[in-house]
Each structure stands twice: as structure tokens, then as C-alpha cells.
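Protein chains in written order, with the UniProt record's numbering: chain G, 1 to 628; chain V, 1 to 291.
By construction, these hints were calculated from the structure, which means they are not laboratory data. Remember, predicted model here, so these are calculated numbers, not experimental data. One or more of the hints may lead you astray.
[Claimed, not checked] In the SDA-like style, the derived pairs of lysine to any residue whose C-alpha atoms are separated by at most 20 angstroms in a straight line are: (1) G:K415 x V:L199; (2) G:K224 x G:A460; (3) G:K224 x V:P82; (4) G:K224 x V:Y85; (5) G:K619 x V:Y85; (6) V:K100 x G:D239; (7) G:K619 x V:Y202; (8) G:K413 x V:D162; (9) G:K451 x V:V22; (10) G:K415 x G:E403; (11) G:K150 x G:A190; (12) G:K145 x G:K224; (13) G:K619 x V:R13; (14) V:K198 x G:E342; (15) G:K415 x V:D281; (16) G:K224 x V:L199; (17) G:K145 x G:P197; (18) G:K613 x G:E342; (19) V:K100 x G:V243; (20) G:K413 x V:K198; (21) G:K619 x G:T329; (22) G:K619 x G:A605.
[Unchecked claim] A few chain V residues that face chain G, going by a derived Cβ cut-off under 7 angstroms, partial list only: (23) N16; (24) T23; (25) R161.
Glycine included, each C-beta is placed from N, C-alpha and C at the ideal position.
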Amino acid sequence: MTTTGARTRRPRKSTATKSTGSKQRAPRAAEKAASEGDASATTAAQAERRMHDVDESQEAAERSADTALATPLDLLLSKAGSGPLRQFVPGMSGVRLAAGVARHPRVVAKRTAGLAYELTRVGLGRSQLAPAEKDRRFAEEGWAKNPALKRALQSYLALGAAARGLVDDAGLSWGDDQRMRFIVENVVEAAAPSNNPFLNPAVLKRTLDTGGGSLVAGSRRFVKDFATAPRVPSMVEADAFEVGRDIAVTPGAVVLRTDVFELIQYTPQTPKVRAVPMLIVPPTINKYYVIDLAEHRSLVEHLVQNGQQVFCISWRNPDVRHADWGLDTYGQAILEAMTACEKITRQKQTSIFGICSGGLIASMVLAHLAEIGQADRVAAYSLAVTVLDQERAGVTSALLSEEAAAASTLASKEKGYLDGRTLAEVFAWLRPNDLIWNYWVNNYLMGHAPKAFDILYWNADPVRMSAAMHRDFMDLAMRNALVKPGASTMLGTKVDLGRITTDSYIVAGIADHLCKWESCYQTTQLFGGDTKFVLSTSGHIAAMVNPPGNPKASFQTAPSGGGRQGSDNPKDTVKWLARAVKVKGSWWEDWTTWLAGRTGEERTAPRRLGNAKYAPLDKAPGTYVHDR
Amino acid sequence: MTAERARPRAEDRVRNVTVRGVTGRVSVRPGVGSYTDQVPLLLCNGIGTSLEALQPLVDELHPDRGLVRFDVPGVGGSQLPPFPYTIAGLASWVTALMAKLGHRRFDVLGLSWGGGLAQQLAVQGPRRVRRVVLVATGTGTLMVPAHPRVLRIMSTPQRHRDPAYAAKVAPQIYGGSMRTHPARGAALLHGATRSGSKLGYYYQLAAMTGWTSLPFLRLLRQPTLVMGGDDDPIIPVANPKMQAALIPHSQLHIYHGGHLGILTEADALAPVIDTFLDDEDPTRTRSTPDE
Numbered sequence: 001m002t003t004t005g006a007r008t009r010r011p012r013k014s015t016a017t018k019s020t021g022s023k024q025r026a027p028r029a030a031e032k033a034a035s036e037g038d039a040s041a042t043t044a045a046q047a048e049r050r051m052h053d054v055d056e057s058q059e060a061a062e063r064s065a066d067t068a069l070a071t072p073l074d075l076l077l078s079k080a081g082s083g084p085l086r087q088f089v090p091g092m093s094g095v096r097l098a099a100g101v102a103r104h105p106r107v108v109a110k111r112t113a114g115l116a117y118e119l120t121r122v123g124l125g126r127s128q129l130a131p132a133e134k135d136r137r138f139a140e141e142g143w144a145k146n147p148a149l150k151r152a153l154q155s156y157l158a159l160g161a162a163a164r165g166l167v168d169d170a171g172l173s174w175g176d177d178q179r180m181r182f183i184v185e186n187v188v189e190a191a192a193p194s195n196n197p198f199l200n201p202a203v204l205k206r207t208l209d210t211g212g213g214s215l216v217a218g219s220r221r222f223v224k225d226f227a228t229a230p231r232v233p234s235m236v237e238a239d240a241f242e243v244g245r246d247i248a249v250t251p252g253a254v255v256l257r258t259d260v261f262e263l264i265q266y267t268p269q270t271p272k273v274r275a276v277p278m279l280i281v282p283p284t285i286n287k288y289y290v291i292d293l294a295e296h297r298s299l300v301e302h303l304v305q306n307g308q309q310v311f312c313i314s315w316r317n318p319d320v321r322h323a324d325w326g327l328d329t330y331g332q333a334i335l336e337a338m339t340a341c342e343k344i345t346r347q348k349q350t351s352i353f354g355i356c357s358g359g360l361i362a363s364m365v366l367a368h369l370a371e372i373g374q375a376d377r378v379a380a381y382s383l384a385v386t387v388l389d390q391e392r393a394g395v396t397s398a399l400l401s402e403e404a405a406a407a408s409t410l411a412s413k414e415k416g417y418l419d420g421r422t423l424a425e426v427f428a429w430l431r432p433n434d435l436i437w438n439y440w441v442n443n444y445l446m447g448h449a450p451k452a453f454d455i456l457y458w459n460a461d462p463v464r465m466s467a468a469m470h471r472d473f474m475d476l477a478m479r480n481a482l483v484k485p486g487a488s489t490m491l492g493t494k495v496d497l498g499r500i501t502t503d504s505y506i507v508a509g510i511a512d513h514l515c516k517w518e519s520c521y522q523t524t525q526l527f528g529g530d531t532k533f534v535l536s537t538s539g540h541i542a543a544m545v546n547p548p549g550n551p552k553a554s555f556q557t558a559p560s561g562g563g564r565q566g567s568d569n570p571k572d573t574v575k576w577l578a579r580a581v582k583v584k585g586s587w588w589e590d591w592t593t594w595l596a597g598r599t600g601e602e603r604t605a606p607r608r609l610g611n612a613k614y615a616p617l618d619k620a621p622g623t624y625v626h627d628r
Numbered sequence: 001m002t003a004e005r006a007r008p009r010a011e012d013r014v015r016n017v018t019v020r021g022v023t024g025r026v027s028v029r030p031g032v033g034s035y036t037d038q039v040p041l042l043l044c045n046g047i048g049t050s051l052e053a054l055q056p057l058v059d060e061l062h063p064d065r066g067l068v069r070f071d072v073p074g075v076g077g078s079q080l081p082p083f084p085y086t087i088a089g090l091a092s093w094v095t096a097l098m099a100k101l102g103h104r105r106f107d108v109l110g111l112s113w114g115g116g117l118a119q120q121l122a123v124q125g126p127r128r129v130r131r132v133v134l135v136a137t138g139t140g141t142l143m144v145p146a147h148p149r150v151l152r153i154m155s156t157p158q159r160h161r162d163p164a165y166a167a168k169v170a171p172q173i174y175g176g177s178m179r180t181h182p183a184r185g186a187a188l189l190h191g192a193t194r195s196g197s198k199l200g201y202y203y204q205l206a207a208m209t210g211w212t213s214l215p216f217l218r219l220l221r222q223p224t225l226v227m228g229g230d231d232d233p234i235i236p237v238a239n240p241k242m243q244a245a246l247i248p249h250s251q252l253h254i255y256h257g258g259h260l261g262i263l264t265e266a267d268a269l270a271p272v273i274d275t276f277l278d279d280e281d282p283t284r285t286r287s288t289p290d291e
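Only chain V is shown next, with the shape it has when bound in the complex (with noise of 0.2 angstroms):
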């Protein structure tokens, strides 16, 4: 939702985009001010849901920053492809979605679901991304995995398209603040977000079944945020500090929150990651801050 803006900033243009013969739903924020030549920031969005789910976190990061959010195909106004699709695949349209918009050089920010296809994106284009965030995501079929309970609510879409049972079961997937205020992941996931079919989050699982980035984080080049809440029962905190040491040139940052926390936190997260992007070198500082 669009809502009452604090500060003047480019605006947001939905518009639809035909990459290899499907078509997304994008949103482009062209980088004003200081920022018109800095590359984007790309926003990978958590399984399920549609680009306006993300609306908390761009409203509190830096209003000139130039930024791209899509729905995943299948989800949200996207297309559904054609056929399942895996996350190297995936991570190749994005790629050609980018140049398509411009956009040759990018950053790459990743929640959850997002974060395993940030983190192909960056193996993949070496050269294309520049940095990388990787929020409350792990290391895809190889990881601390979450309580089966989770995993179990985790398998349908159920909670994208019923909002009572979303309310319900949202403080034990979510964790966090979601714990106290239950009805702000219903809200989330709702006010404004559009559902896509079954299939397109049976494909966005599907996707993900078998993958694993834990090879390949050794040869991760770009520096890389790595941040992770300390209540998320989907991604145990082990994970994000698990990723941390094993990217060479990583920052850790735990949180107090659970895992949407940089969506319900995102006044005290956003400056991190701002901070972290414009870092004139954020390799220099490896530091691990305390909770």
C-alpha cells in the first residue's frame, strides 16, 4: 500500500515485464539525487508473497535509493511459467530481468525464501552483483532446520490465502514480535499483497527442494551483510552465523526479532543495511556485533 510519504522520493512504477516469454510483475524505484548513478538494489522477496509485502522495508531505507522488487512467477501478478523451475534457472531470468530494466550491475538483498535465490544470483554473476544482504535465510536442503511443526505450516500456502488461519499460526512460524502482536503477520500478509495460484508456491518450494548453497559460499566474492533474528523459528539463529563464516567477506548482524523482523523492525534495520551498502569498503570491518 502506498501510503502517506514522509519524505520526497522517485516513485514507484508497477508496470509488467515479458523476460524469455514470462511475464512478471516488477517495481521499479529509479535512484534519485546521490544515488541516480549507484546501482539498485534488488529485493528478493520470502515464499509466497507478492512485492508489496516489502512495502515496510522500502519506506524506511534510504528514499533516493534506486530499487527493484518482482514477483517471483507464479506468485503474486506474475505469470505462472510454464514449468517448475529451479533456482539457477530462476536466478538466470532475474538476471536477464535486470538487464531488460537496465540494469547490468545490482545489488541483491534476500529475505528468506529470497535469500537462497540472492545468494545464486551472486555465485552466478560474479560480476553482476555487487553486494549482497542475506536477511533470516539459510543455506537451503543442508542447514539447521526448523521444528517440523514449522516446516509443516510451512509446506502449503494455507496462510497467504486464509487470514484467520494466518493470524493463527503466525507468532510460532514467525516468532519475534508476531508472538505479542499476532495480527501484524495476518496484516502483512494481507493489507495489500496479492495471492497467486496454488501452484506458483508449490513451485517456489519445489524450487528449493534439493538446493543448497553450502558448497558454493567459499567462492562468494562480493561483500555480504548477513543478518538473522534471534527468535525465528523458521531459520535457527545458527544459520546466519553459519553463512557469516563461511562468506569470505561477510558482516554478521543478529537482531533482536523474528523472522520478518526487518519488515516489523524495519525503522532500526533499514540504517543497517543502508549503512552497509554505501560502506566505502565493507570488507575493512569484519566484525561480529554482540546482541
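In isolation and in its complexed conformation, chain G is listed as follows (with noise of 0.2 angstroms):
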């Protein structure tokens, strides 16, 4: 098997995927993979093989960012208390990884020699083996060219391939495979020639070209990143964007102020807006402005141009002092945010748009409101990659063990807060390939600057979680606990999903590796109301920020309507896709049609921002998104 692509790594289908694209070059895989699959991940790694091709096309920045995280729950959790290496310790899946292998004696035998031979073909220069061509990395004309080059690239690749073998031999169950498969996949991506200064020929190019220079630039880097927490390669420079002045720019002003938040009411820019007010809750566990990026990029200058009242909350970096935030804190700040907004704009109702943490707090919120007789407060709930449904949720729950889940919780408590600078280090060796060993050759052996692109800005800009969130947020992660109704409480009430009966609008990532579609796509099965499920393109940041006007953007959705739970969005997401259509644009579009005919009445815009109790405090972005 060949190297695959960064984007589809997930084992088995992605092996479907891409061993039927290069036949020629692996062809024992693809058979493999065809009697491994059943048949129902076939279709599914079809479909979303069709999705990838249009995403492939995308540039080489998108990707990263793509591959740039918000936060998914499950991992969260358990990683950041303990740091990084906690992950690449093997444990009890490396004994039953080594007690599978020995199980099978004549295949691993078979494997061996199958390594030996081909390693001897290397040697003798007979060898058919080359990287896949999507692979960047040995894109270099000098890894074919070069006799000896060409033998290391070979010789790691029958390696590698042998290595991700041996864990397909073993016939793990479904967590010690997800988990050994990581570390294996860890190790071979590391051990890559392209890493290593004295083979690569691209840095052995540069280094010749700039006399050194690049190399000494580059240890400059190396030691400014790696001298201070997250200690891994920077993707942006650090002066490549100032929030406020070319991200995060949408016109507003702060209204309220509160020790939890900043609420930011954005100026309208139509002559006319629709009545009810939109409440935007973002993820607690980043900066909110991922949806007010640049110009021309941002949600928020969207909906204010289509006539949408938005308000933003902008949550406080909490630090030692605020150890004791948990749900019910979040809850009731956005309850507070909601009323402002009400009062703002006399209404008796609020739109709301959860994001990924953001929105799981905001469903729990709703939930509330429901069983205290207040649902119609919620005039439309949008959601974006919001996972309310754990189970499965992932590579990163098969990391998550109970162990692990008490040990980080412990240590968040003992410190007030969970860094978000961890967080960033075990985010980025999930994904090495692009998060490490792109930016580790890019910056570092050729030593260039990293691109300034917004995205990959706000995702160095990491916040902290204060320790009872930690808890709070761990503790519905290892029960799954928003599945079953009553399981949870949010202020003084239990949770039960399946009460929130109003119009739902639910956005996931089909590239999505932290909140995985089929995760997101489980809300529709827990949501009582109508629930419009949307498959955008690209990953979790990436498929939400898809502003209109790029040709190659769609997305899927299969009708829905009537809110007959069950009726219109089936339990098994294959069904779904199945009956998905795919539409061209972006789903801002969609969305914004969707929202408008929720909102009320058109009505003159307001000359002025906030009112007499909530007066304009500051400008927008407000004093909280500067907060390290």
C-alpha cells in the first residue's frame, strides 16, 4: 500500500478509497481491502471519495486549515491534562497488537518475506514502488531521479506499508485498532526521508542555493517555536493578522459585559432587518471570531448582509481565578445574552446558531427552556460540527479511556484550567503529516516563512477551559449522557433532547476528522422539531467557513420537513447519502434563505446600537478576543 493522502487516512475506508484509484500501483491492497469491507463502507467510501475529488482541488493553505482544529469533546479531554506523548504509549493495545501478531504466525511470516523481497528489488533498482501522486511531499523531481534518493524513498514506503500490514494482521477489536493504527501511522510519518535534512532533495536544493542561509533561519525557528508552549512548528507568524484590523473587523459594538462574556451586537448593513435577532454562541474552547474572519470570509458580515440581526457572544479566556465556570455557568450566560438581545430589539424570541462546543451547550440551553415553558423563546436553532452523540465519535474516543479521563480531569482541577496551548501540542500530532512534518520541512530545513492565511491564525490564538467545564464537559463525553433524555442537567433541569421542537438547521464537514459527520449527522435522531441535516464539503473549520463565490463549493441535503422524527432523516447515514443531492453554492446561501423565512417581518433597521440599559460599552471585537 502506498502513502495516502492527509485527508484520507482513516483506515479501511480509506484504504477502499484509495487503493481503487491506483490499481496499478497496490494492487494486493485494493483486493485486500475488497474482502476486508463490507459492503455498506464500500458505498459509503464512494461517496465520500466523490466528495474528496472536489475537495483535493483545493489549495494547498485550505488544506492545513482543513486540518487545523477547533475541539472535539472526546479528546479534549482526556489528552490535554498529561500532554502529548501520553497518547504514543502503546499499553495494553501494544500487548494485544503483539499477541495478534503472534496468533498469526504464517501470515506475519508471509509479510516478512513479502518485506524482504521487495526490499531486495529496492536494492537492485527493480522496484515498482512510488509514492502516491497526491503526495506532496516526494513531489520533488530528485526522489525519482536520484538513484539513491529513489532507493530511500522505496525502501521507507515497503517499510511503512509493511508496518500498517502487521496492525491489518493482528485483528484487533475496534479500539486497540483505532489506537495502534495512530501510533503506527505516528512513526511511519516521522520516520519519512522528506524529514530529514541530508535526503531531502528539495532542502538539499535550498541549502546549496542560500549558502546555509536557510538552514540557519531555519534553527532560528525551530528554537523560538519549540522554546515556549505549544511546542510545535508554527503555522502562521505571529504579527500575520491583528484581530481588529484585517480579521474580526464586521462593525458592532460590545453591549454587554459580563465576567463570563462579551456580548457584540453587529451593525446592520441593509435598510431593512428581520425582526427577530440572531444569538451566535461559539465554541468556548476558541476565539469566536472563526466566524468573522477577513473580509469577504466572514459568517457574520454575511448574515448582517442579508439582513440578519447578529449578536455575538465573546466568551472570557478564563484563568485560575474562574476554576469553578462549568455548564450551568455557560448556560446561564447565554440565557443573560438572550435577554439582551430581546431587550435590544423589543422582541419576544431569538434565533439561535450554535458552533461545535458552542452549540452543545446552547442544545442543552434549549432543553432547558423547553422544560421550564419557554421554547418559543427560540424562534430557529442552527447548528454547526456540533457532536451531541459520542458514541463512536472517532479516533479520538478510541484514545479516550476512562483512566485517561480521570487522570486529565485531576489535573485540570489541581491547575484551575486546561491550557489550550496543550491542547494545540496532542492536536497536532493527530495529524502529523500536516500539523508537524509539512511546517517541520517548511520551516525549519527550508526555511521559509508560513504562510499567513486566517484560518491557520485563529487556530494559534488557543483560549484555556476552566477545570469544572473540563469536568462537566468530560463527564458527558464518557457517559455519552446527551443521548439518553434525563441523563444531564442543565440549570436545575434534566436534559431531554427530544424536546426541542423548534425548526433545526444542522451543518456538518463530510472531511470533518473531529466532529465526524456521521456524528453530527445523530443530532437529527435526538432533535424532536424539523431538522434540515446539510453535508458540506472539507473539514471542520474549512465547512464552515465556505463563503459564496467559490465555483467548486456544494453541499448534500435530502428534504426533510413536517418534524415526524424519523420520517424524513433515517438512522443509518449510508441511507441518507443515498438519498442526498448534491447543490451547488455554499450553504451560507441556503442558510440564509432558511433563517429568513424564521426571523420575522422585515423592519426599518435601528439607527442605533445597543439601548439605554445596554449601551455601547466598546467597539467590536470588544477588549475579551485580545485576551492570551
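Mind assembling these two chains? They're in different frames, but the hints should get you there.
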């Protein structure tokens, strides 16, 4: 098997995807995948590939942005208390791998013989092994033309394939398999000859060209990056952007400031606006400005220009004094923000848009409102890249164990918070090819400055998570408590997501490796109302930052309506995908149309922001967003 | 905390500015009216506190005056620098920061720990720094020391991280009106301020160890206003007196109050600063007002 592309590394499915595309090079892998993968996985893989083909034409920066991360709950959770190294300790999974391998001596012997045979062919120069065409690491001509480098590369490919094959052979359980695959994948990727300054022809050339200057510049970058946490290569220069000057620039004002958050009201940009205000609840684990990036890439700007009255919460970056801020604190904050929106616009309703972990808290608040008989305060509910059902939510949940969970909760409790920089390290090592080695070569070996890209700048601006919040999130994830009615509480009432009967619009990204779209989709099975599910292209962030105007943008959606639970959104994601139609354009446009139908009459835009009680305190983006 | 504004003025704008690879959180209020073309006043904060702590003073200074506040690297919303720094290094960074903000020349006010930085800025930038205000600050290692109990409390950032502890120790270390209203200390340190990492605090402490301004005070050329409280446990009143005696063009202003008097009694003390900064020729009077 050849080295697979960045995006399709999910085991099994990706094997099928890739090998059908490159039969010539890896016939054995293809057969194997076909025999292994069941029919449904193959269908899903094919559908996935359809989308990937669109994806893969995106620019390189977009690609890393895709993998740049916001936050998956499950993982968060365990790792960050203890740092990134822990996930590389194979533990019992390693023991079971060894046992699994020992149980199949004949297969292993065959694989070893195969490897020896291939290595001999490599030595003789007869091997046909070659990297995947899209593998940019080996794009340089030298890898194919220089006999020594070619042999180094081919030996690496053969060894990597053999190592991955061992995991295939061991026949491990789902969790162990995910964990071992993750570790093996990391080791294989770290060993790539392109990471070695003495083997990478592009690096050798550049070293000659600059008289060694590139290495000096690279070493300087290395020292700077690794002197402080997060100890990962920087993906963007620290001063590539400035919040409030070239990102987060949609005009507005802070109309409410509490200990926990600042509420930003955006200035209407249309003569008429929808009566019902919209409140955006961003993730608590990243800065809010992912929805207000550079001009023409800002979701807020798009909403404002489409006649919405937009309010957005900007969470405070909690520190050690805020250790006891838990789910209830944040839930209460959302209610306060809703009240402010309603008072300022003189409405009895708000439409809510929750993103990632913000969506999770907002969902619990909606359930709370339903429980206390105020469900009609929410006019429309939108959710983006949010996982409420944590069952098998990807590699991250496989890496999560009860003990690790307990250990990390304890660690954050002692410290008062969970450090966003530790999280960044953990994340980076989840996608080492994209987030470590790519920049390792670019920043240190080549001595280049990383590209200025707004999403990466945002990604490099981490925040902390209070200890109590960490504990609460962790508890939800471990018990998968949102799925069971009444298994969790919000502000003193039991949470039953089925009681949410507001119309909802749910967005996920097909290549999202953090909040897998299949997991996001499960939300349609939890809510009681009419749920429209939209599957965007790309990953966690790029799915969300999807401005209209991109000719390649598209999304898939299936008809929904009537609010009859289960009638329109089948439980099985494969069935849903088969029924879904592909729509050209960005979901932003589809969404604003959907919103327009649910956010009241049009009326003259207010001339002033805030009101007498909520007087503007500061210009957007306010002050909390600047807290590091 | 941005409170109700009594007088119209330009807005404070908080932003992150990266200088020499270290990102600092800065609050800038441009000068307006007759102060548009005047040099701005750079405020250097005490140890471990973020720029919000200076709000009471900012509210009382002339509303048109241009002001720059910043979080020292490692404190509040600023990034922790990779390595510990020296006062001289920090002064150089701050000068570069001011240049990046477009201010080649500026006045500087230093409170407590920030006073050390202000003295260093003054000696390092004789042309860049126009006037200096030193408030409740000493000369570094060589000074009349505080009581050991006070020094012990100052040696950890505990009071910035734990409101209950802050309320308990405030009267002992800050003196002045804190003795009668200890909760004010906690409120000042906690209201809207940001808390940095412990390491950031220790970097600040380390920067001051071994540093002293005593040898170079005679070399300062800028008109300087030295202020000190008569009930300041951290900086015994002998220190400002000694500074004023050593700095050639200096005025001394001793007020009734404690270490944070400039914040708790800002309404009375801000006009003194304004008068000094706006005075045509502050060197002509070398007065030592009676207490």
C-alpha cells in the first residue's frame, strides 16, 4: 500500500478509496480492502471519494486549514491534562497487538518474506514502488531521478506498508485497532525521508542555493517555536494578522460585558432587517472570530448583509480564578445574552446558532427552556459541526479511556484550567503529516516563513478551559449523556433533547476528522422538531468558513419537513447519503434563505446599537478576544 | 472595566501587537483636542497586574490626553516570552512597541514595579522619553527595603490569583486607605483584570533582582515627578525622597496614602500628574511640598 493522502487516512475505508483509484500500484492492498470492507463501508467510501475529489483541488493552505483544529470534546478531554506524549504509549493495545501478531505466525512470516523480497528489488533498482501522486512530500524530481534517493524512498514505502500491514494482520478490536493504527501511522510518518535534511532533495538544493542561510533561519525558527508551549511548529507568523484590523472587522459594538462574556451587536448593513435577532454561541474552547475572519470570508458579515440582526458572544478566556465555571455558568450566560438580544430588539424571541462546543451548551439550554415552558423563546435553531452523540466519534474517542479521563480531570482541577496550548500540541500530533512534518520541512529545513492564512492565525490563538467545564464536558462524553433523556442537567432541570421542537438546521463537514459528520448527523435523531441536515465539503473549519463565490463550493442535503421524527432523516447515514442531492454553491446562501423564513417580518434597521440599558461599551471586537 | 463615561473622549482600543516575536496586549487611547499633537503618556503597571488595573487613574487623567497601556510579556493578556528578560531588554522591547504604534517620543509613568521600567526607559531613551513620572517606586536592589513580611507576600503571585487571600493581605502590603477598606485591594486586583501565568510573575520578579537605578539616576535629563505615599509598606517613604534628591530635574510629591494611592485616590492625584506633564517648564520649580 502506498502512502495515502492527508485527508483519507481513516483506516479501512480510506484503503478502499485509495486503492481503487491506484490499482496498478497496489493491487494487493485493493484485494485485501475489498475482501475486508463490508458493502456499506464501500458505498460510503465511494460517496466520500466523490466529495474528496472536489476537495482535493483546494489550495494547499486551505488543506492545512481543514486539518487545523477547533475542538472535539472527547479528546479534549483526556489528553490535554497530561500532554501529547501519553497518546503514544501503546499500553495494553500494544500487548494485544503483539499477541494478535503472534496468533498469526504464517501471515506474519509471509509479510516478512514479502518485505525482504521487495527490499531486494529496491536494492537492485527493479522495484515499482512509488509514492501517491498527490503526496506533495515527494513531488520533487530528485526522488525519482536520483538513484540513491529513489532507493531510500522506496525502502521507506516498503517498510511503512509492512508496518501498517502488521496491524491489519493482528485482527484487533475497534478501539485497539484505532489506537495502534494511530501510533504506527505517527511513527511511519515521522520516519519519512523527506523529513531528513540530508535526504530531501528540495532541502539540499535550497541549502546550496542560500549557502546554508536557510538552515540558519530554520534553526532560529526552531528555537523560537520550541522555547514556549505549544511545542509544535508555528503554522503562521505571530504578526501575520491583527484581530480588529484585518480579521474580526465587521463593525459593531460590545453592548453587554459580564465576567463570563462580552456580547457584540453588529451594525446592520441593510436598510431593512428581520425582526427576530440572531444570537451566535461560539465554541468555548476557541476564540469566536472564526465566524468573523477576513472580509468576504466572514460568516457574520454574510448574515448582516442578508438582513439578519446579529449578536455574538465573545467568551472570556478563563484563568485560574475562574476554575469553577461549569456548564451551568455558560448556560446561564447564554440566557443572559438572549435576554439582552430580546430587550435591545424589543422581541420575545431569538434565533440561535451554536457552533461546536457552543452548540452543545446551547442545545442543553434549549432543552432547559423547553422544560420550563419557554421553548417559544427560540425562533429557529442552527447548529454547525457539533457532536451531541459521542458514540464512536472517531479516532479521538478511541484514544479516550476511563483512566485517562479521570487523570486529566484531576490535572486540570489542580491547575484551575486546561491550557489551550497543551491542547494544540495534542491536536497537532493527531495529524502529524499536516500539522508537524509539513511545517517541519517548510519552516526549519527550508527556512521559509509559514504562509499568512487567517484560519491558521485563528487556530494559533488558543484559549483555556476552566477546570469545572472540563470536568462537565468529560462527564458528558464518557457517559454519552445527551443521548439519554434526563441523564444530564442544565440549570437544575433534566436535559431531554427530544423536547426541542424548534425547527433546526444542522451543518457538518464531510472530511471533518474531529466531529465526524456521521456523529453530527445523529443529532437529527435526537431533536424532536423538523431538522434539516446539510453536509458541506471539507473539514471542521473549512466546512464552516465557506463563503459564496467559490465556484467549487457545494453541499448535499436531503428533503426534510413535517417534523415527524425519523420519517425524513433515516437513522442510517448511508441511506441518508443515498437519498441526498448535491447542490452547487455554499450552504451559507441556503441557510440565509432558511433563516429568512423563520425570523419574522422585515422592518427598518435600528439607527443605534444597544439601548439605554445596554449602552455600547466598546467597539467590536471588544477586549476579551485579545486575552491570551 | 469600561464604566459610564463622565466626559466625552476618544475610545480605548485594546489590541494585540507583535514586537520581536512576542505578542503583547496593548490598550491605546489616541489624544484628541489640544492633545492631538502632544506626545502620549505610556503607563507602566505594577507587578502581576494587567492594564485594566490602571482604569481608575485613566478615568481621572485629562480626557483628551493620549494614553498607552500594555500588559508586560507573561502577564495578563500578553504572551509569555520564551526566556526570562532583563529590565534593559524589556525597556528596549517597549520602545520598539511604542515605535510600532507610531510614537517615537512619549512621556512615561511608572507605578511600583513599572517605575523601575520607567527609570530604565528614561536612561535608555534620553531623546525618546520626554517626561517621567515615578509613583510609589524604588531604586531596585539598592533601596530602603520593605518589611520582610511584605517582601514574603510579594514573592508569589498568590494575591493576584486568590481573591480571599488578596483581601486578607491587602492592608498589610498596600497600606493607606486599604487599611480601612481591605476589600478595595481585592476589588482592584480582581475586578476586570486578567491573570497571567505564574511564570510570568516570576519573570517579572527575576528581572528586578540585581537591577538598580541608583548609579544612573544622576544622569537622567528628563523633567521628573516623583510621587510616594506616606503609608506605603512596600516602598517606604524614604525611597521617593532619595530619588527626588538624586534626579537632577525633579519634583517631589508626597501624598497621604498607601502603595496604590494613585488608583484609590486617583481623583486627587491625577491632576498633579496632568499639571506636571502640561507645565511649560517643570524644571523651574524644584519644590518639595509639605505633607
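Exercise. Hints the structure violates: just list their numbers, smallest first.
Key: Hint check: 5, 7, 12, 14, 15 and 21 fail, others pass.
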